[in-house]
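These protein sequence lines are chains A and B, in that order.
Under this note's numbering, the first residue of the first sequence is numbered 8, with each subsequent residue one higher.
Under this note's numbering, the first residue of the second sequence is numbered 60, with each subsequent residue one higher.
A couple of the hints might just be wrong.
[What the hints assert, rightly or not] Calculated lysine-lysine pairs in the DSS-like style (CA-CA distance at most 25 Å, straight line):
1. K209/B <-> K184/A
2. K206/A <-> K279/B
3. K137/B <-> K184/A
4. K338/B <-> K206/A
5. K290/B <-> K184/A
6. K80/B <-> K209/B
7. K290/B <-> K338/B
8. K279/B <-> K71/A
Treat the hints as calculated values from the structure; they're not laboratory data.
All values reported here derive from a predicted model rather than from experimental measurement.
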Amino acid sequence: MLKDITIGQYFPSSSIIHRLDPRFKIVITFIYILMLFTGSSVSSLAVGAVYTLMSVLLSGIPVKMFAKSVKPLLPFLLVTAVINLFLVDSGDIYFEWKFIKITEGGIDISVFMVVRIILLITGSSVLTYTTSPITLTDAIERLLSPLKKLKFPVHELAMMMSIALRFIPTLIEETDKIISAQKARGAEIDTGSFTTRAKNMIAILVPLFISSFRRADELATAMECRCYNGGEGRTRLRQLKSSPKDYIALGITVIFYAAAIITAHWLK
Amino acid sequence: MAVLETQELTYIYSAGSPFEKVAVDHVNLKIDAGQIIGVMGHTGSGKSTLIQHFNGLLKPSSGRVLLDGRDIWEDKNKIRDVRFQVGLVFQYPEYQIFEETVYKDIAYGCRNMGLDESEIKLRVIETACDIGLKEEILERSPFELSGGQKRRVAIAGVMAMRPKVLILDEPTAGLDPAGRDKIITHIKNYHRRTKNTVLIVSHSMEDIAGFADKILVMNKARLFCFDDTVKVFGRSEEISEIGLDVPQITKVFTKLKKQGLDFGKEVYTVGYAKDLIIKYLRERGL
């Protein structure tokens, strides 16, 4: 059941998107998000959709994986869409019955929101699917490094992020093991009434906490044994280097962004 | 009659995805009641996956698991009862401990069975005795105990459910020799007293050679062999080939055989080896 979590999952491959500089990828993702939220015309959203489709295809990752990352959010999306549909009251009225009223504005907002969020998740999944967590945090560290001048602990933050990301799979595996072990002692985890299930959560959470603390302790010792003392004077094994293709990718994204702005204003 | 039986048991991890992997491949076996069985295999040979089928933690992709001749998946809602009858102790079981006192942790399984307090008390004390935990320890927090003691508390938690079949996955992993011997002795005592079937998973034959009635060897998701201990050790060369360690004493006797000194018997315990050699020397009047 826990194996279905796709957040932070990385699919090693050598597509053009995999090979882009992670710093550029992060900047591009930001521009992409701006692009999706520019204006509310069908045409600007279409530009965003084309861009998303293009990057999904270029990444060479099966479309099924993207569907998998959108799927868990679908129920929330549908509920908010329905709420928007009935509560927004603007424009032509298409349907009215007692207190229920469906208007043009309501349809617009709910459809746009659903499409936008799906695109947003898909697009940001392209980033996480094609970039290993370690390079991602490296890139964040580099992008935030100007903040060092303001005494902001950039390196420490990046280190905490990489450690957190590194331990997600470990913790998932550990949780699976503990669940199995308690099930073997007759704990009802996915059956039984709500209260028994809640009670049995204790049997999972306590061992999980204990092992997390133990792991943290061991990791701290291991780091100290290798003389880790923060970011001061630390050099890196993997240097991030930008190349022409990164600038080209950035250029294409900016063009798409411009297209989205232009269509939003002129093709209303 | 066989207490546990598998028919064409197959399990595939992540079926239908690029990570698909056959972990157990058409395994057929029959385990008789009351025996001690050693389960051996390399890391990734499918032995852990196999044993998780015996108590219904994993559902076979195809094939069946029979407990006392009945398919355990016949009624999905009764799968918990199967888990009480086939007790499974995982590797490093001390990490599943969570209660405030040793007593409560051992009682956890019994409580899930819905037994009444007096019965639970009886079973906890009996099991603690079986596994060599003193009564005064029962009221202490399990987190204060030593590693070996914690391990025994965790094993007791499963034993207390009085399962027909007790399965232990590497019960001695990571313990020092003294702790290892203690656990093995207590498991033997438990078996002698209850006459229940016991399955012990282990990497090393050295550990289980001395007391297992039968040995089951898994290799690359398939059942390599499942036979009486003597017969399995008769194939010690094949077993070495698939990367498993045979007991040192067996190695010595295999070498002796190659050099022309054939005792005509499979040797896998030091005691037996000693008897053989003394007999051999006497026969020659040395």
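Hint-by-hint comparison with the structure:
1. For the hint linking K209/B to K184/A, the alpha-carbon distance of about 18 Å falls within 25 Å, and the restraint holds.
2. The suggested pairing of K206/A with K279/B is violated, with an alpha-carbon distance near 39 Å, which exceeds 25 Å.
3. With a CA separation close to 22 Å, the supplied pair K137/B and K184/A stays within the 25 Å bound.
4. Among the hinted pairs, K338/B with K206/A is inconsistent with the structure: their alpha-carbon atoms are about 63 Å apart, more than 25 Å.
5. For the hint pairing K290/B with K184/A, the CA-to-CA distance comes to about 35 Å; that exceeds 25 Å, so the pair is violated.
6. Straight-line distance between C-alpha atoms of K80/B and K209/B comes to about 34 Å, which puts the hinted pair past the 25 Å bound.
7. Distance hint between K290/B and K338/B is fulfilled; the C-alpha atoms sit about 22 Å from each other, no more than 25 Å.
8. For a cut-off of 25 Å, the pair hint linking K279/B to K71/A is broken: about 30 Å separates their Cα positions.
Checked against the numbered hints listed earlier, the structure breaks hints 2, 4, 5, 6, 8; every other hint is satisfied.
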